[in-house]
Amino acid sequence: MGALLAFLLLAALGGCGGGAEQQPPCHGYGCEHDVEGPAGMRLRYAAVVEPSDPRANVVFLEQLYQMVEDCAGIQAPAPFVIIEKEGALVSPLDGLPHNGLYYSNPDLILIDDSAWTFWSLKHEAVHYLLHHALGNSDPNHTSSLFVTCVELPFAMP
Numbered sequence: 028m029g030a031l032l033a034f035l036l037l038a039a040l041g042g043c044g045g046g047a048e049q050q051p052p053c054h055g056y057g058c059e060h061d062v063e064g065p066a067g068m069r070l071r072y073a074a075v076v077e078p079s080d081p082r083a084n085v086v087f088l089e090q091l092y093q094m095v096e097d098c099a100g101i102q103a104p105a106p107f108v109i110i111e112k113e114g115a116l117v118s119p120l121d122g123l124p125h126n127g128l129y130y131s132n133p134d135l136i137l138i139d140d141s142a143w144t145f146w147s148l149k150h151e152a153v154h155y156l157l158h159h160a161l162g163n164s165d166p167n168h169t170s171s172l173f174v175t176c177v178e179l180p181f182a183m184p
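Going left to right, the sequence shown walks through residues 28 to 184 as the numbering used here numbers them.
Accuracy of the hints is not assured; some may be wrong.
Here are the computed distance ranges between Cβ atoms for each label pair [claimed, not checked]:
1) ASN163 <-> GLU77: 29 to 39 angstroms
2) PRO51 <-> PRO180: 34 to 44 angstroms
3) ALA103 <-> SER171: 14 to 24 angstroms
4) VAL62 <-> SER171: 26 to 36 angstroms
5) ALA115 <-> PRO78: 13 to 23 angstroms
6) ALA115 <-> PRO81: 14 to 24 angstroms
7) SER79 <-> THR169: 36 to 46 angstroms
8) SER118 <-> PRO52: 16 to 26 angstroms
9) VAL117 <-> HIS168: 10 to 20 angstroms
10) PRO52 <-> THR175: 14 to 24 angstroms
For the record, the hints were derived by calculation from the structure and aren't laboratory data.
C-beta atoms are modelled at their ideal positions from N, C-alpha and C, and glycine is treated no differently.
Based on the provided sequences and hints, a complete structural model is requested.
Structure below.
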């Protein structure tokens, strides 16, 4: 009889609607990645862009990130980057659509597949680097690095 009661209690607690569903890790996006670059950047692009697309070229994205690191004078491990469909990124801070977002703990850079992809990566890399250097990602964009390091020209691969 005790075993039956224990079974019924477990079924009630774990059954449909019995508890809140756990959000996937990495801020609800999951931590799976399609490729890891030689410098350690993890990138997920599948279902959004094709492997032949420059936005799926992790070595090129690592070069852009390195360019921002060099400009800022801040080094941090290469970030985890996910490319999402244009219009899919909505900031939890202001509820507005964005071309890129940065989350900390764990670190995650989200960029969309629009024409702004490379600019967005550099912009979010500044947030990421500031967070690593200062413990504050500067959500109000007061750092001059948002101008000097994001607007650097680059050549497409």
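Structure-based check of each hint:
| no. | hint | result |
| --- | --- | --- |
| 1 | ASN163 <-> GLU77: 29 to 39 angstroms | holds, 37 angstroms |
| 2 | PRO51 <-> PRO180: 34 to 44 angstroms | holds, 37 angstroms |
| 3 | ALA103 <-> SER171: 14 to 24 angstroms | holds, 19 angstroms |
| 4 | VAL62 <-> SER171: 26 to 36 angstroms | holds, 33 angstroms |
| 5 | ALA115 <-> PRO78: 13 to 23 angstroms | holds, 20 angstroms |
| 6 | ALA115 <-> PRO81: 14 to 24 angstroms | holds, 20 angstroms |
| 7 | SER79 <-> THR169: 36 to 46 angstroms | holds, 39 angstroms |
| 8 | SER118 <-> PRO52: 16 to 26 angstroms | holds, 20 angstroms |
| 9 | VAL117 <-> HIS168: 10 to 20 angstroms | holds, 18 angstroms |
| 10 | PRO52 <-> THR175: 14 to 24 angstroms | violated, 34 angstroms |
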